[in-house]
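Asks: The residues making up each chain are set out below.
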Amino acid sequence: MKFWQYISFFSFVFLAVLMTSCEVESVKKSVYHWETDFNLNADEEAFLVKEEISTIYTKFFDVTLNANMEAIPVAKVNFVTAPQQEIVPVVYIVTDVFKALDSVAIKKLATNIYEQLVQLNPQDKFSEIQVDCDWMASIADRYFYFLTELKSLMGETELSCTIRLYQYKYPDLTGVPPVDKGALMYYNMGEILSYSETNSILNNEIGEQYLGFGEYPLPLDFALPNFSWSLLYRYGEFQQIMPNISEAMLADSSLFTLKENQYYMVKKDTLIQNVFLRYGDEIRYENCEESELIYAAELLSHEKNQNHTNLLFYDLKPNLVNESDKIDRVFAAF
Amino acid sequence: MKVIKLIVFLLLFSSAAQYSKACSYYPMGSDIRFSLFSQNIGEGTEMSYVFYSSHYLSGYTNGELLGTDENITEWYAFFDKKIPRIEIDQLIYGVPYEKPYPLLSSNKLYKHFKSGKNPETKEYIHFAKKVEYLLKEDYWDKKEMDIENSKLALEVAIERSRAAKQEILKLRYGYQALVLAYYLKEHKRGVQLYEELIAPLNSTSVIATWSLFHYANMIDDGYERWRLLAKVFESSRSKNHFIYRRYPTSKEVLNKILAKCQSDDEKAAVLSIYAFKNPARAIDQIKEIAAINPNSEMIDILLVREINKMEDWYYTDRYTGFGKSIDPYDGSGYYEDFKFFDEKNFEADKKYLKRVMQETKQILRDNEIPNKALWNTSLAYMGYMLDDQEETMKYVAIAKKFKGSKTIEGQLKTIEILSLVKFESKWDEKFQNKLLTQINEVKNYKRDLYDYDRFFGQIMLNISRKYLDDGNMVLAALFESQVDGGTHEHYHNWGDREYQGFDLLNENAFSKDMDEFFEGWNNPNKTELEAYLYNDLEDLKWRYTDLWATTYLREDNLEKALEIYETIPDSVWEITNHDYHYYYKQELNANPFETRFATSAFSEDRSISYTKPDFVRELIRLKKEVKTNPKNRAYNYMLIGNAYYNMTYNGNSWYYTEYEWSSNEGGKYSDRRWNHTNSGQNKDYITGDRAKKYYKLAEETSKNREFSAFCFRLQYKCIQLKATFETGEYVRRKFQEQFKEKYPKHHDELYGCDRFYYYFDKWKDA
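Going line by line, the protein sequences match chains A and B.
Residues in the first sequence are numbered from 4 upward in steps of one, following the numbering used here.
Residues in the second sequence are numbered from 38 upward in steps of one, following the numbering used here.
Calculated directly from the structure, the hints in this document are not laboratory data.
Treat each hint with caution, since some may be false.
[Said to hold, decoys possible] Below are the SDA-like pairs computed for lysine to any residue, each with C-alpha atoms no more than 20 Å apart in a straight line:
(1) K179/B / L274/A
(2) K179/B / M157/A
(3) K180/B / Q122/A
(4) K271/A / A317/B
(5) K270/A / Y170/B
(6) K376/B / G239/A
(7) K154/B / Y170/B
(8) K387/B / F279/A
(9) K110/A / K387/B
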């Protein structure tokens, strides 16, 4: 081989390596839509365009048990506006379904779900279907059988499922679902019921404990939160989530006072949003700070295990739409 | 490695289980609301969704099929009460349209039609079933509404309504036309049809009310719609849940709806829906409704709901143990704050309860309330809640004068039981006989009191807590073992309610209480009530006996503990299938005399294990040995220290004195409510004081300086344990300084485990 031939050969190899490594860097931004009415307003549409979000993971319905212990769909999505982006249907299944159904019923459930998704789909086809179920070892066999049956109906369509942090950390104990890929849910990790919890939505101190345990056996997408809620505690005991109490409302000093422990204390018995708040009740407002989200994105970036990764944000609501810059910076950190 | 991972995983899951207990299974809301005032006493079982303590989360539902009931009632009257309701139900609802009627060959209504009677009615029922079939959609949308045939059916319904000679069929076909127009989204036409076919009939039938419901949902004027729906809410029960869930809540909207109302009755109906939606204090709303429509059935249900709210605020946390983190042992420093607010809120609730009682009396005086039995029963119960025996009995007597429903009768019996226990508690035979008689009498109202099994369970819980507050552990435990029916409370046991008494005793009883408990159990001359209460416990007798002995072990009375343990058959300690909660073989599998520095479970010596009597016997022997034999005295003191230490929270044999262990105890996530030593009878479990005493004796007795240092190090374990639960870090740091000062040569080496065996072996020279 002549000198120039060597040069050409090594140049080719170099370029090939370069091209391959370019492919590794592909990360896509997506969002979850979890409302029953799919009714995007102009701001939401503009946000999706600006953020170049081409896929919306849309919850189509929940599956739960009725009084006759039959699995039924509830809260079916209603497409009020026509989606301009690709829709990936998501089905949330409560774990009791797999505790109650036998294999015959599970097989039927897979068919029912698939046919219902096709029926509700506002677009021609799906490239992916996602199943959300907080499975545990005791129902893993049934859940995995369901996934296998569902997959068998889907042809070329990819099947994905959500993975909770403990399922991610202990795949040998909880099992690995028979799907094409998973979506690691990096949120709702704290103890919502605990008075001493600081943030049950996003707590990197807890999240970190579940990461860095080796490569998960499935290609993974990642889901980060960007929502807020208020949690009501009475005498230190959790009472309920109050999703519509904003920080601005808690600033009303005639009703609330901010304590040193960051709880808003109720100053007098009052009825707010149809909840009876008692004197001394405390409200913990939780949201997702940008710095925490960026740190979470950095942590998760070390867990990437496929060439084309999706970073999903939960969920498409006004506060996400109004925080476009924040989302950009979080995305950049991933 | 895999084993460790598994343990870590299981620990993780055990904490996750606590979480999920709270999140998915932890009882909350209406599921835990304590109630001894039967929610259906206002005769509104069909409105259980507005009951404050509906127990809906625990799966209890009532009145789900009201639409069918109302319709069947009308048909029953139509056929002159000659065809049983069940047969009407079977033909109309039991057999789907697509299935042939011959399946009903023995059905009386079917035979009635078959004999040629009421052919128009037969045709109508067939038509109504067809409409239902056409509109039917299945859960998974596999059968959709048949639009084309529905359109045809609409025309048929209109034509037949116009042509029908009987008014009831005119109405019913008209109603079918409205339903079809509604689902076909032909709302304008639907409105016209109502005005043409239904309104002129001025019918009082429930079908007219149902028609009004569909009409209201098809008109454009929103406030008018809510006005009409409030009328439906007042006069029919089957559509109420739908209306209630969607009814607006803002005051602005309320005023606009009220402005549309054409009578006080209509206003009262609107106000009642608003009052039902109020989770806070609503007596002013009840007053307002009573003033304009004292005949409204809704105020009865609202009054009951108000009492149920006050019961919840008053009793739920106190009786069930859920809803508060008020615990002086939690170490969080919030105890005083929580206690302060709890007391303030209780005062406010009591003040409100007094006001409700006064207002109730006033409403009764000022208005012609139809259901006087109910209102006086309510006053009796409020009197009971306020500890006012005179008022309670006065209103019980008044209520009895009026002819109340069976539910009211059952409620009055309940108030009598509660009052007997609260106001006249003397545990003599006369009292017991009276109580047993009344308990048996309440059982006669099983069908009348709301969610009876739970209701009865809560009566038992009320009695148990009364005795617990009085410090009478025996009666508290015996009644606790009767708490059943899905009552969620601190000692609730899903499997065996009989075990609930065990848990209560385990948490609260001292040996003297257990002596008394067994004295009663072993008494051959039990009263009838005592026999009734003890009877169910027989299967768990050895478990209770073990607890009896264990209370002595906790109090360090080893001889008495051994005496009782020895009455338990040896086979009990060997059971491996966990019958009757026997986990001894599984949990008592480590050497309780093992010496170790580590507090984790990973260094347990499994070469030797004991049963409870064998262990106590050996401990007694060692204690005698150190007194009588100087040989190996320091070593034996250390072994005794080990035995006591291993019985603590950090020990390898905690199961000798406790029955449950949780990783969440101590530290940041301490939740002492779930710890079973609240009464302090097993304080050593979290202090290690006894172990420390014997380690100190070992240190002082030892003739070898290195073994003395080793025993001092063992005392440090006890200090660590106590620091976790009680004393905090300061004491631990102080002890470390003392260690350095006292044993400067050995201090550093003894902190780690590297030289453990070197120092341990020095016992031979001690």
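Asks: All hints are to be evaluated individually against the structure, with a verdict given for each.
Replies: For each hint, the structure was consulted:
no.: 1; hint: K179/B / L274/A; result: 44 Å, violated
no.: 2; hint: K179/B / M157/A; result: 19 Å, holds
no.: 3; hint: K180/B / Q122/A; result: 12 Å, holds
no.: 4; hint: K271/A / A317/B; result: 13 Å, holds
no.: 5; hint: K270/A / Y170/B; result: 56 Å, violated
no.: 6; hint: K376/B / G239/A; result: 11 Å, holds
no.: 7; hint: K154/B / Y170/B; result: 25 Å, violated
no.: 8; hint: K387/B / F279/A; result: 17 Å, holds
no.: 9; hint: K110/A / K387/B; result: 57 Å, violated
When the structure is compared with the earlier hints, violations turn up for hints 1, 5, 7, 9 and for no others.
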